[in-house]
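K.L.:
Residue numbers (the working numbering), protein chains in the order written: chain A, 41 to 670; chain B, 25 to 481; chain C, 12 to 176; chain D, 3 to 111; chain E, 12 to 499.
Derived from the structure by calculation, the hints contain no laboratory data.
Covered stretches of chain A, as calculated for chain E (at least 3 residues, CB under 8 angstroms):
{"#": "1", "stretch": "103-111"}
{"#": "2", "stretch": "208-214"}
{"#": "3", "stretch": "606-615"}
For lysine-lysine, the following DSS-like pairs were computed, each having C-alpha atoms within a straight-line distance of at most 27 angstroms:
{"#": "4", "chain 1": "B", "residue 1": "K159", "chain 2": "D", "residue 2": "K110"}
{"#": "5", "chain 1": "D", "residue 1": "K110", "chain 2": "B", "residue 2": "K305"}
{"#": "6", "chain 1": "A", "residue 1": "K115", "chain 2": "E", "residue 2": "K474"}
{"#": "7", "chain 1": "A", "residue 1": "K638", "chain 2": "B", "residue 2": "K443"}
{"#": "8", "chain 1": "B", "residue 1": "K359", "chain 2": "B", "residue 2": "K48"}
{"#": "9", "chain 1": "E", "residue 1": "K114", "chain 2": "B", "residue 2": "K457"}
Ideal Cβ placement from N, Cα and C applies to all residues, glycine included.
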Amino acid sequence: MINLVWLVPLIPLLGFVINGLGRNTFSKNLIGFIGSGVILISFVISIGIFLALGSDAVKSHEIFLFDWISAGSLKIPLSFLVDPLSAIMLLIITGIGFLIHIYSIGYMHDDEGFGKFFSYLNLFIFFMLLLVLGSNYIVMFIGWEGVGLCSYLLIGFWFTNSSYAAAAKKAFVMNRIGDLGFLIAVFLIFTTFGSVEFAKVFPLAGNMLPGNSTVALITLLLFVGACGKSAQIPLFTWLPDAMAGPTPVSALIHAATMVTAGIYMIARSNVLFDLAPVVQHVIAIIGLATAVLGAVIAMTQTDIKKVLAYSTVSQLGYMFLGLGVGAYNGSFFHVITHAFFKALLFLCAGSVIHAMHHEQDMRHMGGLRKKLPVTFITMLIGTIAISGLPPFSGFFSKDEILAHVYEHNKVMWAIAVFTAFLTAFYMFRMIFLTFFGSYRGTHHAEEKIHESPSSMTFPLIVLAVLSAVGGIIGIPEALGGHHWLSGWLSPVIPHHAGAEDFATEYMLMAVSVIGVIIAIIIAYFKYVKQNHVPVADESKRSVLAEVSYHKFYIDEIYDIVIRRPLDAISGVFYRVFDKKIVDGIVNGLGWSTSEASKGVRLLQSGNVGFYIFMMVAGIISLLLYTYLSL
Amino acid sequence: MNIIITIVVTALAVLYAGLFKATKALLPLTLVGLLVALGFCVTAWDTNTIYYGMMQMNNFAIAFSSLLILGTAFIFLLTENYFAKDSENVAEYYTLILFALSGGVMMVSYTNLSMLFIGLEIMSVSSYILAGIRKNNFASNEASLKYFLMGAFSTGFLLFGITLIYGATGSFSLGAINSYLVGNYKMVSPLFYPGVILMMIGMCFKVGAAPFHFWTPDVYEGSPSLITTFMSTVVKTAAFAAFIRIFAGTFAPLHDFWMPPLMVIVCLTLFIGNVTALFQKNFKRMLAYSSISHVGYLLFSLITLTSTSNNNVLLYTAAYTFASITAFAVLILVKQKTGGDDFESFNGLGKRNPLAALALTVAMLSLAGIPLTGGFMGKYLMFLNVMNQYQIYLVAFAILNALVGFYYYLRVVVAMYFKEGADVLLETPVQYKVVLILSVIITVILGVYPSVILNLI
Amino acid sequence: MGTSVFYLVAFLSIFFSLMVIFAKNPVHSVLYLIVTFFTFTVHYILLNAQFLAVVNFIVYMGAIMVLFLFVLMLLNLNKDNEPLKSGLVKVVGIVAGCCLVVTLIGSLKATAASDPLVLQNVNLGLVKNLGKELFGPFMLPFELSSILLLTAMVGAVLLTKKEKV
Amino acid sequence: MGNITQDLQGVPLNHYIWLSAIIFTIGVIGVLTRRNAIVIFMSVELMLNAVNLLLTAFSVHSNDPSGQVFVFFIMALAAAEVAVGLSIIVMVYRNTQSTDINVLNRLKW
Amino acid sequence: MEQVLLLLIFLPLVAALITAFTGNAAKHVAMVFALASLAITAAIACQFTPDASKQFVVNLPWIQSLGINFHAGIDGISLITVLLTNVLVPIIILASYQSDYKKPASFFALILFMQAGLLVVFTAMDAFLFYIGWEAALIPIYFICAIWGGKDRVRVNMKFFVYTIGGSLFMLLGIIYLYLQNPAHNFDIQAFYQLSLDPAQQGWIFWSFFIAFAIKMPVFPFHTWQPDTYTEAPAGGTMLLSGIMLKMGIYGVIRWLLPIVPAGVQDWGTTAIVLSVIGIVYASLIAFTQKNAKRLVAYSSIAHVGLISAGIFALNTQGMQGAMIQMLSHGINVVGLFFVLDIISSRLKTNTISELGGIAKVAPKLAIAFLIIVLGTVALPGTNGFIGEFLLLMGVYQFNIWAVVFAGLTIIFGAVYMLRMYQHVMLGKTNELTIGFEDIRGTETLVLVIICALIIVLGVYPKPILHLSEASVQQLLEQVNQKLTSVK
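Required output: the full structure, derived from the provided sequences and hints.
P.N.:
Here's what the structure looks like:
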């Protein structure tokens, strides 16, 4: 079964090809069927692989396909690695991917680019699978960039809107910045370890001492790559903009799968990261900062998808925080639960948007819970899950990270917990603004609001269930579980036994749960009881709110600090340096020759007397030479 | 000897034919005479006959004579109706050209300075006259007088040089002079050195090297185009052959003495020729300047004397001769139709007369020294020889000049192909076609398979 | 008389040749030139080059100079109407000439003492001796110089003949 | 005659060279300073004669008749040149009514 | 079997002569001959044993007295470039099918003539022959660009011509020098390899060759002829220039510079890399704000070639192999880019980016093809561009990490300007100019399908190509290192 793993990415690729070629000729049903069907097949195979791996004593299988690149000592095969980590990722990608495909059949039904959309989604799944299956950094890099491409294509799906097209480009370029880091890290790995194969690199790294500066550089660069893909400071601004894409895309790519690639990569390379405590520290700080920043910005956003986007940024920050403190399991656990509930949230938001006829501003919503009951319930489940209330999945994963952070650094823990409160606040703010109170749009529009078709609600329900119970795979021992996940992952990620006793753990849980509840209550009072509605764009806000609403002006800062200077340099280089100096020298040579020509030709004055005089001058000099040389 | 006799007899026959108004017979007669002379050249190959100690028909002389005769024949092919509209004394023109040719043959075969002198003067005096044959044309008059005055002046220096050499060695014979040099290598008479320099000045004037080149552009421009063709190809080749014959042969032991000033002359010549040509608006005048620059490249062969110098000069002059003939032939065609000889007159020639345009393009590429043309091989050999002596800076300088050359040679190509001109078709007379096609073929053969004449001498 | 004859004649040669180039009237120039050539004839006699002396006398003074005079008269140039070159050009010309003579003589190393000229064979410049030379080793150039003269003849006729237009 | 040549025997060769060089240079100066084509041409003749004299002197010095033969050739050339040169000047005069070389400056640059 | 190389070289020449007289049917005739050449190349590639040896060697005496022989052969490095030439020429001819060139016979004849010159360059084992081919390839392209080019073509092409030929004259100087140093007095490449020159001499030779190659590629600061020429040239000319001709410079460096003057490379290679890297960043930055799409691609080409050059001078297998594959990839990609731009400009008469927009809406097929080509250009993994750039960057990395940091900016900058161009040309709203844009048809589709297929196939399975050149590249590097150690 495991040897059939190449089918898992291949089938979506086939789906891409078939749908891509037939996008204009096939009926929408057929396209939807093919598009989702291939993912389902992959999912089924993935389950098979998962089960086979579970029953197999050997936990790591490398499936060699063909030699891809070889140059000198560099040999890069195209081969897949099946181990517990990738097997779980396979399940998440194909599973959630399948649900989102189903959802998309309904969501995109009226779009003229239906076929294109499905083919892109299939392509994305293919690349994502490549990313997680790659047995070396380069194959991972194909998937890494490939998903970036699909992200680009899907963000710019409605490309006639030029700001969407710009958002797509931004996403791609920001990812590219990270990718350069990744690439250089790969070069370093190659020169340090002589290979880019996981199976060769990690054992060698295991023999090294912590604090090795080369490894520190490698991990730092890898982290830069992860920053780009997983939207960490300073490369996070593309993610909110990426909401330009259709909502299923936001759910699949920009919440559940692609953006977690960075975490996957770091978790995969945990051997290296463990050798570089300094870098881990950096990761933790940046993760924490990102978490706070995302949460703060999310508090004031009015676009329902933007709230979720910043929430994603914030949650990703959490995961990095976890990675930074060595809680690979916790982070990965959070990746899984986050995939469930964030996909759910986005899909619910999509359902709302679908119902509202592509209205995304929460200021024009309100009181939708009666009109969209399924959406409301499922979204509420998702919200609770992300807020971290037990026994929903988010609670367990977030708590595991928090516990490790506490163990690592108390200040960080405090900030992280505070961020969790903020998370609860803005998530419930969203729920309250959307589903509670009274409808704030036009009456005419209100009549058209209706619950989404079953193809859309079915995935919602499935995901809601997963969000609710997903935590089961990682119930900590403190709560009587035995953390199945960390056991499963132990061949890849060595389990760090928690030094904390259960009492501390209970205390931590209590603090976070109580805080979250308080945050929810505050939100309730503010947005339900007081019926507070965010003000229009033009009106005055407090300074903090203003800064938060404008996303800390980071886009503007980037614009001023990076883009404009580069454009200015470009202009100067082109108009002044290239045209005037470099080309000017070349043209100047030509010009001076022709000027010399103008001068020299005056010698030819037409006057015989002058000619003879010149000749005589020449003769005199030659005779002088003769005189002197004798 | 047979060669000179044939040429002179042909000249006289033509003169008499003219007397009897047999204008139709002139060209065939001339060509037959030239072919016979060429035949004598071929049969004389490898015989190495010495005539009275004055002329030596060695392979060098024969090869250059053949080149001169061939070039003259090509030029005669271009004479159709050319002189007739100027004068009725066409026969005299033919005669003068043939006399000049006979002078040229003497210049390439002399072994005595008196022969050099006589040959040179026959050629020069004929050229003075030929330059002025458009009697009512002011430019032609001016060209003739300028050429004459400066030519006579420079002859004075040449003679002074010959005199000093005679004073030093007591002989006019090249062999005697050479053996004097070899015999008294350490104590050459002080008269000898200025003699060499003054001879060099005289020869530089004849070949048109700076700063003794001033007559070239004016005379070339003012003379009738056909005569310019003759002067810039046959006369120049003969003068250069004479130059190399004495300097590379007889004066070789003093190479260290006369080489440095010659190098300065080469640099000046290259610079002035190329740089001035750059600015010209008149195609003919541009060719005049370009001919100066070619002298600069040719003189490379004197800067480094190797066993192959003679061959290299032969190849270079052959390539140069045929490319120039092509260029002038097209120029004459264009001038006859449009009345102008500046670059604009060539506009759109690519459309109006593809054959002429193609031939001119090949000629220009050859003059510029683009591979696969004879001109490249010539330049290459010159560079090769000079590099052999590691005078890299000289070659680098020459290369920079060649670069300037590309620019002005391409200008006419640009005019022909890339600019729109009047939509008048240009007819090409059959003889012109023959000349153009043959020249192009020769140019390409020299470029692709130079071995044909590379080991001739 | 000693060698002073030579120096006297030499002085006259230089003097008259200077007069040739400084005379304003071209006709005077020609006349001075004839005198100069006469001094040259004397030089040839001094050198015992009798053949040359005669040829110089006949060809140069008799034919060539008369031709000059003839043309001057024909073109009616006997007035001193030649627009003079500017003083600067003259000065520059003379300076250049001085430089030339200095460098020429200098480069010839002619300032050093040298052998006196000794006539070893009194028959050297006699017609008989030169005739043998001319029709012996120098026959070829002698014959070929006829081409030169023929060329000149054809050319002169060609250039001066009026065309029927 | 014999006496004259006997007297001559004291003149150093160098003095002939001096004389020739000076007269040659005078010819050059004439060419440089005059504008009348005929006078210029006369100056050139002066130069040629200087050469002739020197050749003769060398011929005597080296007791070799060929120098004097060469002088003969130079004279032939001079005759030919004069014929051609004067006809050119006449031809130019017909067109320009002048023998001033400065009139001849249409061909330049 | 050896004669097949003669056939390969002279077939285009004969074809050019025939094509010149075929009038309006020229394109078909040219196509047939180009395909025949391609078939011969394919046969050669099949017969080729991928070891380091020279195969199909032809060695005929030519100008014997000067030590010049018609000595040509194919090894892995040559084969790649020959492949490039003979694959791209049919593509370029096909791409010119729907363009309306006046005097098509001359146009296609010149292309074929140039092909012959290029093949000589890529197979020559005699320096003189190499030089002849080098110049012979220049003449036709000059005429192509100057006859069928844009408004400013005369001035621009004059500059191009004089500039490039100026460089090559200095190379000629170097070749002559080597010839004179060679005791056997011939131009044989093996003899040149065996010369032992002192480092100072090698330095001079290095520059005399490098300037010629740098101008051809072009490497900063010798590049200023290039954007103008690319912009003014007709599409076919631009494709030839950018697709094949600039590879002459790269090939020259590999074949004639590195093994002959390793000490010169050691002394000056760093300078060359620095210039290349400056060129990468500099050209990329300039490409940011270009208004004309053709000019933008021209600058991008400078950046890409800068990377290739840096990779070569890094002197390691990865860099060299990267250069080999990237030569092929860059050729294909840039031809594709210029072809797409030609399609646009032939329909809309403009290549000004700001005037375009929304073409993807009306021409989805073109949009897809263009996107694939753009992605290939920005080196997305899975496309041909990635293989090359990855290996090149790896090569440069092994030279110096800072070099790769700057060179790697091409990854980012390339994405910025290429996607910016794509965004403004293809995406966004259609305007009144682009609304009537007609999607690709006929041969246009065929050309783009071929190009896209090559991009992906090479990206996914580059091994056959890498395999072809590997042995030769290894041998070459060994040769260089051996000579370097022997000098020490």
